[in-house]
Amino acid sequence: MKSIRNFSIIAHIDHGKSTLADRMIQRSGVIEARSFKDQILDTMDIERERGITIKSQAITLPYRSRDGKEYSLNLIDTPGHVDFSYEVSRSLTSCEGVLLLIDAVQGVQAQTVANLYMAMEHDLEIIPVINKIDLPAADVERVMEQIDSELGLDPYSALTCSAKEGTGVDEIMEAIVQRIPPPKGDPEAPLAAVIFDAQYDPFRGTIIHCRIVEGTVQGGDVVRLIHTGTVHKVEEVGHFILPRRKDASLSAGDVGYIIAGIKTVSDVQIGDTITSDRRPCAKPLPGFKESKPVVFASIYPIASDDYEELAVALEKYKLNDASFVYQKDSSVALGQGFRCGFLGLLHLEIVQERLEREYDLSIILSVPSVRYRFTLTDGTVLFVDNPAHYPDAVSIARSEEPYIRASMMFPERYTGAVMKLCKEKRGENSHLSYPSPGRIELVIEMPLADVIYDFYDRLKSVTQGYGSFDYDIIDYRESSLALLDILVNGERVDALSQIVFRGSARERGLRTCERLKEEIPRQMFKIAIQGAIGGEIISRTTISPFRKDVTAKCYGGDITRKRKLLEKQKKGKKRMKMVGSVAIPQSAFVAVLKSENT
Amino acid sequence: MMPGLYIHIPFCLTKCAYCDFYSVTQTEKIPPFIESLTREMDLYRGVFDSFDTLYLGGGTPSLLETGQTGAILDALRRTFTFADDTEVTCEANPGDLSRETARALRAAGINRITIGVQSFDDGTLAFLGRRHDAAGAVEAIENARQAGFANVGLDLIYGIPGQDLASWRETLREALSLAPEHLSCYQLTLEPSTPLGLQYRRGEVVLPGEDSLYEFFFQTSETLEGAGYVHYEVSNFARGDEWMSRHNRKYWNHTPYLGLGPAAHSFSGVRRWWNHRSLDRYIAEAGRGIPPIAETEILTGEQLLLEALYLGLRTREGIDLEAFARRHGLDLPDERGALLRILQDEGLVTIREGRLRPTRSGLAVSDSLPLL
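Protein chains in written order, with the working numbering: chain H, 1 to 598; chain C, 1 to 372.
Just chain C, same shape as in the assembly:
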């Protein structure tokens, strides 16, 4: 499989209360960032040459002016080769996705857009610190459609303080009515360094309990699968196999990827490295042609095995047991037979046609499955 390319656009107009992805609000630094990004691309010329996915993430890639996005894409095309059917994804904030922006993005070659809707409930959106409302989200989606996007994804969040199942079901219903090709439904994760994480530590907000989170998860899966979506990864649903995120699947099956931009991660198959989580440092180093790498790790066979196991068990396609044994030297049914039988009896995994797959309940506990 061809590697994937990720570009981290580390800018946001405002910071959301829950988000710990690396971003800054100093949009005046966009031009020097693009300059350094272009220099960073050069560092990988000949190291990575062709890709079949490109993913602009952030941050908020949609806040770039269309010319800026175009400049990045042009530079990428000058530096690397892209397959004809390359999946080109851009994350977008509904607030940015005017008819014009949508059109410009489509014209620049973006063919998949994933919109950070998060919720169709205005109260919830305000709580999360989002700068758009539900009506704005609907409008953004319509704009994307009108601009000719055939592959629209929506990001949603559940398990938010104060959110009940009924309100979440309402958001899901609204999302389904817009017939997106892709849905990412994330359980809210509290990161300690975020404002929400801090509020939680101070006891100011209460999260739903485990049983209720299970209900959110289970009902989400049941509702969306009932509506014809494939629950292909813990938090991801596609309206048919062809709409699964080709780029994200590379993360989950150990396909190499190159990440450019501050805090971006790359993986070569055995080596993983990541850039400085500082825009200034990134601009300074990449600008001078120095790899802005913060850290590198070389994965041992054991680490690769563990990753393959846990990543595989996060996806519905699961693990090809024979391929796994060949690649990692561990025959799971042979060496973990007793436990696998229990997990099968408990309805957490299935073994069929040589694949070990988590069931829906299995996906819900897939952090524990790899500890078998």
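So here's chain H without its partners, still in its complex pose:
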């Protein structure tokens, strides 16, 4: 155990986390240079493109330190978005220390601080690392000052490196050995391991990624997942020596994997405790939270023929994403589809993008919704997350919506802008504090519906990226709600229906209409777009028809050319959804979800 170090790299986006990880992997020699690919831990295209890590990853780096001893450095890579903050916290639970990476040009940024606080919450050893010192604009001294004044850390504890050029990487590896404490724990104690991730392998089923806190586990053991309440026989355990190496056992302090014949990742829960069935630990490890979807939306194939394919794709996708849930749904305008639950809007976007990319499907998403609670006049309590199931208005005795407690941290100069945004989002019971000079912590209660809409994007925008954000769902509160319908040439498009706070219904209706106007191409006839509550039209826009669209010449040589163009246009139209006679492009459905500022 003395030779193990478990750590994570945390950083603001683009500060070089993946590049540093790549360098350390190369330095450890676990992967041959010729099979090396940049950003090796970000295995999905979407991760590489967006520069964010979505799934946690772990890798064991063998390292011989300057004193000649052999160490196993377990690097646990964590996702970087509020939708996945629970996964991040579980990953950090598995570490004893972190590298806090700071860009030498940009200095301390919002996520640097937010991540630092999270690491502090887990009592981790923090090693500040100033990256990109090779850049001409690098200002190491200024960053050192910020480490002192803004982070409250000892600036002399900071290391410098250029992950790009590979300088300083040895010092970092050495510091991990010297400064991050080895894990504690008793290999003889009853088994207690925390699951920080689970991945699906088509041949082996679920690969549990875990940190052994106490005890030992080996092949043949019978283990129990405490919160899930299931019992499994361990088939294989091992370490993350690229990509996996089977070992006899995992013991207290180890980070590794367990394969136990578990079919899908949905059969395990992140944060759950694995213990021995025969000799269980006294109580589960702390910090478990059931991961629950908070945002719901329906997914429809653009071509109704693709329904079966979509069903297969969702089933496959689900194998590797436990936090994604779905069930059958249907829409008058869009046909057969699925109602899905997500952790947040980013999660939703990721699912959408992966379905389109990895399964080559064209899909449409309905407007996302939270789960509302209605008490009917006869006393029935109804949870509704789908506008299609909005109860008859006269039968509603009480309507409620979920509220969250949000905590945000940002430099003092943005206080006015953030407060204004929160007020617009119906924030209440705000509480401001000053955890360090110049830095504000705002705790405020807000309706979840307004937060999922575009809050995080706008917070980042008003704080120029310095605002960090985290939230917990607290309770349901009474609210005046309405069902906003969108009509295109008089036909209701149910995928665009939204349950809204009555006070902002008109504005939301208008914004939706305007968004659609921007996205729906002009056609040969006038298109009326209306927002309606009950029978009342509350907003309206029209798309005027085009008047001239004809090729002047069409003789022998033009006929094939023209036909090919039409064939292409027809194909393009297949990617649009026909509502009555109006072709609505997929982008229109997406645009409605976006705020005007993004």
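Certain hints may be false.
Each computed DSBU-like pair below joins lysine-lysine, with the alpha-carbon atoms no more than 35 angstroms apart [claimed, not checked]:
| hint | chain 1 | residue 1 | chain 2 | residue 2 |
| --- | --- | --- | --- | --- |
| 1 | H | Lys573 | H | Lys553 |
| 2 | H | Lys316 | H | Lys570 |
| 3 | C | Lys29 | H | Lys562 |
| 4 | H | Lys564 | C | Lys29 |
| 5 | H | Lys568 | H | Lys328 |
| 6 | H | Lys562 | C | Lys15 |
| 7 | C | Lys15 | H | Lys553 |
| 8 | H | Lys283 | H | Lys263 |
| 9 | H | Lys460 | H | Lys553 |
| 10 | C | Lys15 | H | Lys564 |
| 11 | H | Lys568 | C | Lys15 |
| 12 | H | Lys553 | C | Lys29 |
Since the hints were made in silico from the structure, they are not lab data.
Given chain H, work out where chain C should sit, using these hints.
Just chain C, lined up with the frame of chain H:
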């Protein structure tokens, strides 16, 4: 209906800034071209035998010497059979149409002449890179009349950078005063490979906007129909049904046609093929008796349907719904009823006496109509 025959004469003295029809300025290659053309005719002897239209297009067919035109026509008559009342059209540049040339063409058997006037405004003509002026155009038309042409067509262009509606109306007025049997009024189409297309991409010229193009189109139709012309296709007007271009209508109703010469297209009813867009290659291959075909496509039922739909909707006579259903297996009112009703309500099409026809506004958007 009998097939039509098209001959592409790929020569021009100068290239116009907007034109992307295939042509070269190497007039010294005319004799070998005629030689190869004659060989190409032989390839279709017995494949196509009789025609009731012949169309000499280009390029600039009028720049051929009268003997050369005569030689082509003689060879055609030796190879194929032509109906007695065959419509024989020749495209002519006003600059070429001297009294003598006009007479010779008429004498060679040409009975329809279509003159590339383009505009009666000298500034506009210079901008387009034409080698004639407005006075020359008027003279050419008079020459054609004097030579005995009873069927004279004029080609005009609108929507030219810098051209306003007033100047276009002036051109139309001038054209009407010459009482042609046929008028083709084309909206300027920018082809990317032309000098004008390049200028446009570099932002050096600005085209009229959609609303203004609609005005050009609408006023053209209104003015000419007011003067007694039938707006029978998007860009074509005839002073009575008998003056419609019999040859061009074959393109629009899927009648077979044979095209000879480089870049010429042919259609058999299900197969379409086209020749190399290279004079040298054409001369070489056809000269050796090899079909100078660049590509062939066999149209699927679906493709034929789409073509019939879009071609039909470009013409005022529209689509015979019953015949269409019989031929293509699609009952439009049955299967596209809701949309057709909207288009009718919007005044874009009418359905009367079993025909689906575009209205004037419908013709203006007829590229979109077939997407229904």
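Requested in this report: Determine which of the earlier numbered hints do not hold for this structure and return their numbers in increasing order.
Outcome: Failing hint: just 9.
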